[in-house]
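Visitor: I would like the entire structure built from these sequences, with the hints used as guidance.
There are 2 protein chains.
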Amino acid sequence: MPKDNYEPYVFPDLTRLFAPRTVAVIGASEKEHSIGNHAMRNIVQHSAFAGTVYPVNPKQAEVMGLRCYPDVASLPEAVDVIVVVVPAPAVRAAVEQAGEKGCGFAVILTSGFSEADDWGRAEEAALVEISQRTGIRIYGPNCPGLVNLNLPLGLTFSPAFKDDITPGPIGLATQGGGLGRNMIQHNVRGIGFGLWSSSGNECDLQVADFVHHMAQDPEIKVIGCLIEGFKDGARFAAACQEAARKGKPVVGLKVGRSAYGARAAQSHTASITGSAEVNSTVFRQMGVVEVDDLDELVDVAMLFTRKMPEGTEKIAVFASSGGAASLCADNVGIAGLELAEFTPETAKRLADALPPYAGMSNPIDTTSISISHPDAYREALAACADDANVGLVLAPLPMDYGTYSVVNAGSLKAVQDAASVPIVPIWMSERQGGGYAKLAEAGLPPFRSLRNMRKAVRRWIDYGLWRAARDTGWQPGIIATGSQGDPDPTRTLSEVEGKRALAAAGVPATAPEIATTAEDAVRIAQAMGTVAMKIVSAQITHKSDIGGVKLGVTGDGAAAAFAEIMANARAAVPSATLDGVLIEPMAPAGGLEAFVGILRDPVFGQVMTFGLGGIYVEMFADVTRRMLPVTRPMAEEMIGELKSAKLLTGYRGQPKRDVAALADLIVKVSDYAMATPGLVEMDINPVWTGTEGQGVMALDAVIVVEE
Amino acid sequence: MPKDNYEPYVFPDLTRLFAPRTVAVIGASEKEHSIGNHAMRNIVQHSAFAGTVYPVNPKQAEVMGLRCYPDVASLPEAVDVIVVVVPAPAVRAAVEQAGEKGCGFAVILTSGFSEADDWGRAEEAALVEISQRTGIRIYGPNCPGLVNLNLPLGLTFSPAFKDDITPGPIGLATQGGGLGRNMIQHNVRGIGFGLWSSSGNECDLQVADFVHHMAQDPEIKVIGCLIEGFKDGARFAAACQEAARKGKPVVGLKVGRSAYGARAAQSHTASITGSAEVNSTVFRQMGVVEVDDLDELVDVAMLFTRKMPEGTEKIAVFASSGGAASLCADNVGIAGLELAEFTPETAKRLADALPPYAGMSNPIDTTSISISHPDAYREALAACADDANVGLVLAPLPMDYGTYSVVNAGSLKAVQDAASVPIVPIWMSERQGGGYAKLAEAGLPPFRSLRNMRKAVRRWIDYGLWRAARDTGWQPGIIATGSQGDPDPTRTLSEVEGKRALAAAGVPATAPEIATTAEDAVRIAQAMGTVAMKIVSAQITHKSDIGGVKLGVTGDGAAAAFAEIMANARAAVPSATLDGVLIEPMAPAGGLEAFVGILRDPVFGQVMTFGLGGIYVEMFADVTRRMLPVTRPMAEEMIGELKSAKLLTGYRGQPKRDVAALADLIVKVSDYAMATPGLVEMDINPVWTGTEGQGVMALDAVIVVEE
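These protein sequence lines map, in sequence, to chains A and B.
The first sequence begins at 81 in the numbering used here and counts up one residue at a time.
The second sequence begins at 81 in the numbering used here and counts up one residue at a time.
Treat the hints with care, since some could be wrong.
Identical copies look the same in the list; a pair holds intra-copy or inter-copy alike.
EDC-like, lysine to aspartate or glutamate: derived pairs with alpha carbons at most 20 angstroms apart [claimed, not checked]: (1) 242 x 717; (2) 736 x 716; (3) 726 x 698; (4) 726 x 702; (5) 723 x 702; (6) 428 x 466; (7) 493 x 455; (8) 723 x 698; (9) 748 x 772; (10) 736 x 698; (11) 623 x 593; (12) 394 x 112; (13) 736 x 673; (14) 394 x 542; (15) 614 x 599; (16) 493 x 636; (17) 181 x 151; (18) 614 x 577; (19) 736 x 717; (20) 493 x 93.
Hint data in this document are derived by calculation from the structure and do not stem from the laboratory.
Guide: Below, the structure written as C-alpha cells:
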C-alpha cells in the first residue's frame, strides 16, 4: 500500500508540564481577587508543591513572601513551566524570553488571542513561531490552566480549584473550562480526576497530546475527552491508538452533533467541528467510547475504574424494592445485557438468607428485610457477588431512607471489600442523603439513574468486546491525513478517464469506448456484446431525458442507435459540442446495486462510505463508514454491518452475492484513494454485484481531484 | 361501524377517597414502629386532617388519645375510608362489615394476597365479591397507601411520608411504592406531587381510575404514571382520553420493554405486561408522553407545570460558559428543536448589556460577567425572555460556583417574575449547592442534565403538536376490547372462505374459485382472464415445491395446467385428499406489496400493523400500528408514517401508488375486525397495490377465528 501520505506522530513528553520541579508565575500579584493572585495562591497555598516558585512582576519585590523577579530573562534558572497571566500585549515577550532561556512549557491563561480578533490571531501565530524556534511548548492561550490533582498542583487561576481537590484514576482533557469543572464536581460521588487539561485555543499542545500523556501516566486508568473542535483529527486518532495499546479506554463526548452545536463550538474554540457521522465512525474505529452527555462520560469512566471489562460479564440485580428490581432488570434487557443464572449454591444461600416471599431468582427483591434484617440483606448480597456466573452486581437504591440507607450502603461496602466483582450502586433519589455520602466515601461511586447505568454498562461491555476483538489481531491501521482546509480548484474526471483510472488500480469497472461514427459504434459493439450507449457532451447532463441513452444494443443495431442518439442530442441542445457516443458492455441482468464513496473529511482525512444503493441509503440511511485505509477484514466487517446485509448473503431464497469480490473492490478503492492524495471525492455508484463467482463491476464513477 | 364489542367506561368518583371527611384505621395501634402506629401517626400527627379519625382495635380502649372501637360494625357512622392494616386473615371481615355499613372505600395496606399464594388469591377474590355486592371500593391490597399532599393527608404506613410533604400540581399513579417515592423525592428540586396513588395488587381500583380522578382534580395540571402491568388496558386508554379532554398531559413509563422487565414486573404485580410495541403505540395514539426513566418522567411533568406548550415555541439558550452554550445549543439541534432568531430590539439590548467579546447571537455566552456584573447578566436574560420570537429560555449552569451561583439563581427568579415565557434552568453539577436550593425555592425546578432537558423539551413540543392536531378534529375513537386471556380453540379459514369474508366486508380481494375437473378449470379461467392456479389439499402446505402451482395461465391452457397440478400432487403425496385446484385472477405485474395484520393484544385488544412487505419489515422493522378502530384520517397517517412511504408516493420517477385505495382497504379491514369479535388474528399479505386509479387487492389472507 502507498506510504506517501502517512505521517508518523511524535508526541511531546509532558511529564514536566504536569509535574514541574520549578514554576514561574508571570504576572504574579499580591492584589486580592486578581488573576495573578489566584494563580499564585493556587500553587503556593492550595497545592502540595515541593518545587520552587518564582513570582515575576516588575512592579513588586516580593509576592506572598517569595522574591519577585522583574522579567523571565532575570530568573535564576530555566524553569520547567511559566504560567502567564499578564495582559495579551505582554505575553509574547515573556514567552520569547522563556523559550530563549530554555524553559520547558508556557501555560498561557491570558485571553484575547485567536478567539478575539485579527491582532490576536497574528499574536498567536507569533507564539507558535517562538515555540518552533526555541522548543518551548505552549499550553493555551485563553484557558483556565491545568491541574494535577494526584499531587495536587493547580496551574490555574480558578478560585474553584481549592474546592475540588480529589485525586483519582481518571484523566480528563477538555478545551473550555466550564464543562470540565462540571465533570470534576462529580467528585461528590467519590470519584476523582487525577489530571485535567483544559487547553483553550490550543495554538500548540492539544487534546491529542494530553490523551497521549495520560496514556503514559501510571496513575491514570481511563481518559475522558470533551471535544468542541479538533485541531488535528489524525493526531487525536493516533493518541487514542496509543491509549488502546496501553489498555486505557478513552471516553469521548464531541460537541457538534447538530448544526447548532457545530456553529456554536466553532465560534467558541475556533476549531474545526467536522461531520458528526465521521466523528462517530472514527471514535468507534479507534475504540473511543462515545457518550451522549457529561454525566454519561463520568459514569462510563467511573465504571472502567472499578474493573476492566472482559465483555462477557453477566449481571445480577439486587434490590429491596420490587419495582426497582423490575425496572433495573428491564433496563438490563433493553441494553441487550444478560442476567446471570445463579448456581445451585447461590440459590441455597439466598433461600437461607431471605424470607420465602422475597424474589430469589435474578433480579433479587429482598423486600423490606433490608430494613428489618440488615444482616440477611448483607448475606444475600454476598451470595450474589460470590456467584461464579456473576460478573457485575447492580444495586438499585430507589429512595433516600435516611439511616436505613446508610446501613445498606455500609453493607455494600462490606461485601465489596471481600468480593472480586464490582458491586455498583444506583442511588436513584435526587435527594443526596447520608447513604449517598457513605457510598461515595466507601469508593463505590453511585450511578444516578437506571438509564445512565444501562448505557454505561452496555458501553463497558462493548469496550471489552472491542478489546477482545482487537487482541485477536485487528488493527485500525495508519491514518491517511489527506489535505485539510479549503481544497484547491477541482476537476471531475470524465467517465472514460475515471473508469480507466479504476481499472488501472485493479477495481473492476466497465471499459467504455467513444464512437464518433456509426461504423465505430458497430465495430465497438460487436466486440463487446450487448452494450449501453450514451451521448458524450459537456453541455448535456440529463442524458436520458433528451433521448441520449440506449440500452441493450447489439452488433449492427449500434449504427441506428448512434444516429438516433446524435440526432436527439442535436435537436435538444443545438449549441452543444457532441464528443461522440460512449459505448460500454451492459452488466448481466439481476445484479444487486451497491455503492462505495470516498470523501476527504476536514478533520479525519479520507473516509469511505459503503452501502446498497437507492432506497436503502435514502430512506433507511443504511450505510457504514471507515477512515482509510480499509483492510480486507475491515471490508468484510463493513459489509456485515449493513442492516440490509442479508440481501448479499441470500435473502428469501435469492442467490448469494459475490461478497468476496465486493470486499476486494472495497479494498482496491481504498488503496486507490490512498495513492491519490489529490482526490477530493469519489462516488462509485452503482457497483453491480453479481452472484457468487460472477464478480462485481463499477458501472458509474464520479471522481473529483485537485487540479 | 359495529358497536357490539364497545364498552363505555364508567369511572368511580374518588373525591372522598382522596379527601375523606371520616377515616377509620383498622388495626390502629399505640405500639411504636408498628404499621398500625405509623398509619395513625401519619393521619393524626403528620397530616392537616380536619375530619374525624376512628381507631379500630378490639384490644385497646384508646389510641393516640382517640376512642378506639372494637370493630368496624360498631363505628358510630359509615366512614368515607377505612384504612386496613390488620393481618391478612382479618382483612375480609373488616371490609365486609365496612361494605355492609355503607362505607365508601377500603384502603388495604396488608400484604399476603394474590402476590403471595393460592389462599391469598382466593381471599382477594372474596374482597372483590364484597365490593361488587356492597358497593365499597377497594384500594390495594399489598400497597403503601395513598397520599394527598395538597391537603396534606397521608393514608399510608410509610415512615417517609412526613419527610416528603410538598404540595404541587403533579398527580402520580404508580403500583409499587419504592419507585413512586423516588419520584416524590424530586421535591428537593422544588417540584411537588399533589396526589400520589400507589395501588399495589389493584383488585378493584386501578391506575386508570386514578388517572381519571386526577383529570378531574382542579389542582392537578399533569399526571404521571408508572405502570408495571395493566389490569385493563382499554380502561387505561379511556382514562387517558379523559385527561386529554381536560387538557392535562399524561406522562408514562411502562416497565416491561424487555423480556427481563416483563417477567420481573409480572411476578411483582401479577399484572399483564403486554407487548412493548403495542404499549408504545397506544401511548402515542392517546397522547400519553412516553419516557425512558423516572427522572425523565419528573422532568417532563415539571415542564408541563411551567407552561402548556403550543408546539411552535422557539428556544433561547442563555449561558455564561462558552462550552455550556455550545453543548446546550447542540442538544437543541439534536432534538430537532429550533433556536429563535432575536429581533433587532433584543440584539440592541444584548449589545448594550454585554461586553463585545460575549456571544450575542443565540446561544448567548455572557462570559464571566455573570460573576463580575450580575446586573448586566440579569438585563441580558430579560432581553432574551422579552423577545417576541422566544417561547422558552434555557439557562444551563454547568458548575456550582458557590455564592455566585446563588446570585445568578436570584437573577433567574427576578427575570422570571416579569416574564411570560418559562425560564428553565439546567443545574448540571452533581453538587447541589446554594444556587440549586435557591432555584428550587424560587419555583424554577432545575433540570439536571442537558440530555434530559433535550428529551423533555422535545416531548413538551411534541405534546403541543399532538394537541393542536387533535384540536383539528382527529379522534382516537372508541376502543375495541376483544376477548382477553387465553383464546378459545381456533380455526384458520380456508383461502376461499377468507377471501369471501373480506370481499363481503368490502375489502378488495381476489375471488378464487375451485375447479374439480379440467372443464371447470377452462370455464373459470376463460371468465377470469390470466389466472393463477394452485392445488387445494389440507395435506399439502408447500404447494410450489411439489409443482402444485401454475401462474399466468389463460383460457384453454387451464385444462393442461389442471391435469399437471393434480398429477404432481398425486405423485408427491399419494395419501393426500385433493379438493381440487384453486383458480383466481392474477394481479397486474408491477404492483407494490403491502401488508395489513390484526392481532388481539392481551392488554389493549385489537391492534393493526401495517407496512410494506418483505425487506422493509424484516430488515428495517418499518411498520406502524394502531389500536382499532382505524378511521380514514388515521389510515392516511399510518401510510405517511412509514419510512418507506416515498415508495408509495412516487420514488425516483416511479409511478405514484393508489394510496387512496390503500387507505380505504385499511379502514375496511379495521371495520371487518371490529365486526368479528372472535377474530384472533389476521394477516393480509401481500396487498397488491397498483398505481393511482388501479386500486389494491388482497392476494393472500390468513384469518384465524375462535371456534
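Visitor: Now tell me if each hint is right for this structure.
Guide: So, going through the hints one by one against the coordinates:
Taking CA atoms no more than 20 angstroms apart as the test, residue 242 paired with residue 717 passes in neither setting, with 49 angstroms inside one copy and 58 angstroms between copies. Taking the shortest alpha-carbon separations for residue 736 and residue 716, only the intra-copy value of 15 angstroms comes in at or below 20 angstroms, while the best inter-copy value is 37 angstroms. Taking CA atoms no more than 20 angstroms apart as the test, residue 726 paired with residue 698 passes in both settings, with 18 angstroms inside one copy and 10 angstroms between copies. With identical chains, the CA atoms of residue 726 and residue 702 are at most 20 angstroms apart both within one copy (13 angstroms) and between copies (16 angstroms).
In this homomeric assembly, residue 723 and residue 702 come within 20 angstroms of each other (Cα to Cα) both inside a single copy, at 6 angstroms, and across copies, at 12 angstroms. In this assembly of identical chains, residue 428 and residue 466 lie within 20 angstroms of each other by CA distance solely inside one copy; the values are 13 angstroms within and 66 angstroms between copies. When the C-alpha separation of residue 493 and residue 455 is checked against a cutoff of 20 angstroms, the pair qualifies only within one copy, where the shortest distance is 13 angstroms, while the shortest distance between copies is 48 angstroms. Proximity of residue 723 to residue 698 under the C-alpha cut-off of 20 angstroms is found in both arrangements, the shortest distances being 14 angstroms within a copy and 10 angstroms between copies.
Only within a single protomer do residue 748 and residue 772 lie at most 20 angstroms apart by alpha-carbon distance; the minimum there is 19 angstroms, versus 45 angstroms between protomers. For a Cα distance limit of 20 angstroms, the shortest separation of residue 736 from residue 698 across copies, 18 angstroms, qualifies, whereas the shortest one inside one copy, 24 angstroms, does not. Within a single copy, residue 623 and residue 593 get their C-alpha atoms as close as 17 angstroms, which meets the 20 angstroms cut-off; across copies the closest is 49 angstroms, which misses it. In the homo-oligomer, the alpha carbons of residue 394 and residue 112 never lie at most 20 angstroms apart, since the shortest distance is 56 angstroms inside one protomer and 43 angstroms across protomers.
Taking identical chains as interchangeable, the C-alpha atoms of residue 736 and residue 673 lie at most 20 angstroms apart only when both belong to the same chain, with a minimum of 14 angstroms there against 23 angstroms between chains. Taking the shortest alpha-carbon separations for residue 394 and residue 542, only the intra-copy value of 13 angstroms comes in at or below 20 angstroms, while the best inter-copy value is 38 angstroms. Within a single copy, residue 614 and residue 599 get their C-alpha atoms as close as 16 angstroms, which meets the 20 angstroms cut-off; across copies the closest is 53 angstroms, which misses it. Taking the shortest alpha-carbon separations for residue 493 and residue 636, neither the intra-copy value of 88 angstroms nor the inter-copy value of 86 angstroms comes in at or below 20 angstroms.
For the identical chains of this complex, residue 181 and residue 151 are intra-copy neighbours only, at 12 angstroms inside a copy versus 95 angstroms across copies, given an alpha-carbon limit of 20 angstroms. With identical chains, the CA atoms of residue 614 and residue 577 are at most 20 angstroms apart within one copy only, with a shortest distance of 16 angstroms there and 54 angstroms across copies. In this homomeric assembly, residue 736 and residue 717 come within 20 angstroms of each other (Cα to Cα) only inside a single copy, at 17 angstroms, whereas the closest approach across copies is 37 angstroms. When the C-alpha separation of residue 493 and residue 93 is checked against a cutoff of 20 angstroms, the pair qualifies neither within a copy, at 39 angstroms, nor between copies, at 49 angstroms.
When each numbered hint is compared with the structure, violations occur for hints 1, 12, 16 and 20.
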